[in-house]
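K.L.:
Sequence:
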Amino acid sequence: MNTATHTFVTPAEYLAREEAAETRTEYVDGVLLPMPGGTPQHSRVKVRIVYLLEAALENGDFIVYNSDIRVGVPSAHRYYYPDAVVVAGTPQLDERWQPVILLNPLLVVEVLSPSTAEHDQGRKFAGYQTIPTLCEYLRIDSEQVRVVQWVRVAAGHWQATTYQQLSDTVPLQGLPALLPVQQVYRRVQLEA
Numbered sequence: 502m503n504t505a506t507h508t509f510v511t512p513a514e515y516l517a518r519e520e521a522a523e524t525r526t527e528y529v530d531g532v533l534l535p536m537p538g539g540t541p542q543h544s545r546v547k548v549r550i551v552y553l554l555e556a557a558l559e560n561g562d563f564i565v566y567n568s569d570i571r572v573g574v575p576s577a578h579r580y581y582y583p584d585a586v587v588v589a590g591t592p593q594l595d596e597r598w599q600p601v602i603l604l605n606p607l608l609v610v611e612v613l614s615p616s617t618a619e620h621d622q623g624r625k626f627a628g629y630q631t632i633p634t635l636c637e638y639l640r641i642d643s644e645q646v647r648v649v650q651w652v653r654v655a656a657g658h659w660q661a662t663t664y665q666q667l668s669d670t671v672p673l674q675g676l677p678a679l680l681p682v683q684q685v686y687r688r689v690q691l692e693a
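The numbers in the numbering used here rise by one with no breaks, and the one at position 23 of the sequence shown is 524.
Just so you know, these hints were derived from the structure itself, not from any lab.
Quick caveat, the model's predicted, so the values are computed rather than measured.
For each residue, glycine too, the CB sits at the ideal point set by N, CA and C.
Hints are supplied without guarantee of correctness; some may be wrong.
Quick list of the computed label-pair ranges, beta carbon to beta carbon [what the hints assert, rightly or not]:
#	residue 1	residue 2	range
1	592	672	39 to 47 Å
2	562	596	17 to 25 Å
3	530	691	30 to 38 Å
4	552	599	39 to 47 Å
5	540	569	25 to 33 Å
6	656	593	14 to 22 Å
7	595	627	19 to 27 Å
8	511	654	34 to 42 Å
9	666	578	33 to 41 Å
Modelling step: build the complete structure from the supplied sequences, incorporating the hints.
P.N.:
Given below as structure tokens:
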């Protein structure tokens, strides 16, 4: 994601611009990052993960959101649109802005594509780690079978597990759910 041509804006300026914007941008340390369009594979994996999470959690006290919800990382002056988010209990929303800002995610899912992978794995994850309620972060590759599960094991410490086989199952840590990798990639045309 190229940020070289962007000028610095304050969080308040970003939030005001975003209310009237026709296209979404993420905000990182004063820089606006346009949200690129996704590939068919990226779109398909996003649909699958939201569907699987919703089906697995529908009887619990959890709410699943798609990429239309903005997650705030106020301590790091960042605002993101993850591909999927799960909240336990009542969502904490900052409704002063449109779209609203979700402040208490339990699980965040990012589907990687070539244009966003570096950002999603670096600064974005660093920002997410500062959210006190976040227990788990999934990065799902849209071009090959690869799911990386990051779990908070202690304050400031995260442990990663990588799943690269269609026969694998990802046990979600803070949720009563299992994600079969084969189902995540169902009808997704992956690179050979």
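K.L.:
Does 39 to 47 Å hold as the CB distance between residue 592 and residue 672, or does it fail?
P.N.:
Hint violated: Cβ distance 24 Å, outside 39 to 47 Å.
K.L.:
Per the hint of 19 to 27 Å, is the separation of the Cβ atoms of residue 595 and residue 627 within bounds?
P.N.:
holds, 21 Å
K.L.:
Take the C-beta atom of residue 656 and the C-beta atom of residue 593, compute their distance, and say whether it sits inside 14 to 22 Å.
P.N.:
Since the Cβ atoms of residue 656 and residue 593 sit about 20 Å apart, the hinted range of 14 to 22 Å holds.
K.L.:
Assuming the hint says 39 to 47 Å, is it satisfied by the Cβ distance from residue 552 to residue 599 or not?
P.N.:
For residue 552 and residue 599 the Cβ distance comes to about 26 Å; the hint is violated.
K.L.:
Quick check on a hinted range of 30 to 38 Å for residue 530 and residue 691, using CB atoms only.
P.N.:
Given range 30 to 38 Å: holds, Cβ gap about 34 Å.
K.L.:
Does 33 to 41 Å hold as the CB distance between residue 666 and residue 578, or does it fail?
P.N.:
Taking Cβ atoms as reference, residue 666 and residue 578 lie about 39 Å apart, which means the hint holds.
K.L.:
Return holds or violated for the Cβ distance of residue 562 and residue 596 against the range 17 to 25 Å.
P.N.:
holds, 21 Å
K.L.:
Starting from the range 25 to 33 Å, see whether the pair residue 540 and residue 569 falls in it by beta-carbon distance.
P.N.:
Violated: the Cβ-Cβ distance is about 19 Å, outside 25 to 33 Å.
K.L.:
When you take the CB atoms of residue 511 and residue 654, is the distance between them in 34 to 42 Å?
P.N.:
With a Cβ separation near 35 Å, residue 511 and residue 654 satisfy 34 to 42 Å, so the hint holds.
Hint compliance for this structure: hints 1, 4, 5 are not met, and every other hint is.
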